[in-house]
Structure formats: C-alpha cells, structure tokens
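*Asks:* What follows is each chain in one-letter form.
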Amino acid sequence: MTVSAELELKSFVLLRLGERRFAVAADGTAELVAPSRVFRFPHKTAKIEGVILRRRRIVPVCDVAEKLVGSRLTTRRFYLIALRRYGQRTEWVAIPVTGECELINSELNAASASDEPHVAGWLSHGGDVIEVLNLDALTPGPRDFGSSSAASQRPPVQKARQSEARP
Amino acid sequence: MPPTAPLKSVPLREEQIILFRIGEQLFALSSSSVQEVRSADSLSGGATEIDAPGVDKVRQFVRRGNNTLFLVSAATHFGISAPEGILAFVLRNTRTALLVDSIEKMTAMTCLQALPLSFCHEERQWYRGLTALDQTVVPVVRPEGFLSNEELMMLDAALPPPELSAGETEVKRDADTDLGTELN
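From first to last, the protein sequence lines are chains A and B.
Just so we're aligned: the first sequence equals residues 125 to 291 in my numbering.
Just so we're aligned: the second sequence equals residues 196 to 379 in my numbering.
The set of hints was computed from the structure by calculation and includes no laboratory data.
Keep in mind that a hint or two might mislead.
What the hints assert, rightly or not - Calculated from the model, a selection of chain A residues having no Cβ within reach of chain B, i.e. all distances over 12 Å:
1) Val175
2) Leu177
3) Asn229
As the list claims (entries may be wrong) - Restraint-style ranges between C-beta atoms, simulated for each label pair:
4) A:Ser236 with B:Asp351: 53 to 63 Å
5) B:Glu339 with A:Gln212: 23 to 33 Å
6) A:Asp252 with B:Ala303: 49 to 59 Å
7) A:Gly223 with B:Ser234: 45 to 55 Å
8) A:Arg179 with B:Ala303: 18 to 28 Å
Given the structure is predicted, the values throughout are model-derived calculations rather than measurements.
C-beta atoms are modelled at their ideal positions from N, C-alpha and C, and glycine is treated no differently.
Given these sequences and hints, build the entire structure.
*Replies:* Following this line, the structure appears as structure tokens:
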C-alpha cells in the first residue's frame, strides 16, 4: 500500500444488526456500552424507544434496525453511543446493536444519488461491501436541521465501486 | 473516539417539584406552577359538561369569576390507558385543571436536561425537559403544554353562554371541607 493510499483510509466502527453489518464513521461515535434500563415515557416520535442514563446524561435510544433490516432487534447486547448533529449542535444517541462492534480502517466509497439518504457511503471489508450510515438522516430530529443535508454534500461516486456487488 | 460532547443539562439552584402518577407513569411538575390541589370530585361537582370536537381530553369546565378552567384528563393527553384521575391540579397562569391519579411525593430537582432533539413531535410542547431522580428519569411537564392556543379557541367556541351555566358556577369552598389544598 502506498503512502498516498494510506492517507485515504478512515476509521469506522462496524456494528451488527441481526445478521447484517453496517459501519459508522469512528469520529461520529462516543462509546459502546452494555445494555441498561430504558426509561420510557409518553411521546410521539416513533423511532425513539425511551432514554438511558449514561455518565449522568440522559441519552435517547433510537432503534434503527427496523429501517435497516426490516425488523426490530429481539436480542441486543450493546448500545453504540453515536454523535447526532443538529446544525451546529451535537447530541448523543444510543443505537441498539447485536454483537460487539469492531474498529477498522478502510477506504470510503461515496454514496451515489440513487442511494437512500441514510447511506453515507460504502466500504469493503472481509469480502463484504458494507453500508456506511449517515445517522443524521437515519435518526429523528426537528425539520429545521435538515437531515438530508449530508446527502446533498456527498462527493461524486467513485468509478471503482461501480462493479462491486452489494449485499 | 472523540471527547464527550458538552453537557446539555441546565443547572438549577434547586426547584421544588411534585412527582405524580398517571397510571404507572411518573411525571414531575414544578410546585410553583400548581395553584391548588383538589379532589377531582370537589372540582367536578361544580363543573359543566363540554363537548369540543378534537379536544377529547376535556369533558368538563368550571367557571371561576371571569375565568374558565378546563378539566384536562392527563391520561388522554398523554395517551395513557388509565382511569380518570381523582386529583386535580389547578395550574397557575393557565386555564387548566389537570386530572391525575395520585401524588407520589414532593421533592426537589437540581438538574433539568433539555429534551433531546431526537424527540421532535408534540412532546416538545409537553415537557420542559427530563430530570434524573434516584437513578430514574422523570419527564418534567410544561404547565402551558396541556392546552394549545388552538385547543383553547376550540374549547371557547364550544362553551355555552355564561347564563346557561351560571347556576353551576363553582363556589370556592372551604379547604377543610373539600380536601383542597392551596399551594404557595
């Protein structure tokens, strides 16, 4: 691998939802924590299950599995605490995941215009092509903060990815 | 991994709150926003039925001088399956008498965290924020959040003329006889 190629590598956290793996940018995550009590109270935001207490902070739990794999997680082992941006503001959001997460370095292939807004790009790892998630588009938030902004800022599609098979 | 983001909690000197229940669900309300605590019976005894389309959580109102108080079912407001509340909180500077099941206790909170922005629907009007008490997270309700301006307009439009309900205008009774309690 050349020096210039190494500079293209970015760090990602691989997470598992059921049988599928996804990735999020490592600099968009805070920590991985064991399951803890979810506090529930009335609200109207469909994807939010409740909140957990972590480091004296109250963190919303957002189950993204239904959107990504078609069903809610029946078993969960950890919460991936990710950073969700709302304009200039950043807040923690807890994503339930199955299995342990893995930190990897990989090259990011940008998403194309035909990809869904929650797809920030793609990476290859262990023979698989894995979706890199745009949590700003995947998790709920006020409309004022335009969750689709990341999609409009996507870099052009890399030609090298065109021949890759997606899962 | 990046450093943790800054805390979003609002430090408070100390705020007295009432913890109350609707069904199994616990809520908090600033005690300074509660003008009176009454038994629902004592309040609804002088109440008149009202049927405002689209405002199912209000079934009765009480006239107090020039003011009209609407009895709001907290269970219906929050979508909780629970019997009608047996206590009424008359909320200060509002037209709401909130029907709740029970008072858990009065206590103090020292920290109020803003509702995370992930919560992005009506709940942003319902709650001032969340607080952690004894390792439990409790939503702190917003007194003004039970009746929106639009709902108040619909309720006002459904009110009968004062002369038709004048005979049922509530007379504020002695606290000893109706179990009512004035706060602050």
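*Asks:* Hints numbered earlier in the text: which of these fail when held up against the supplied structure?
*Replies:* 1 and 2
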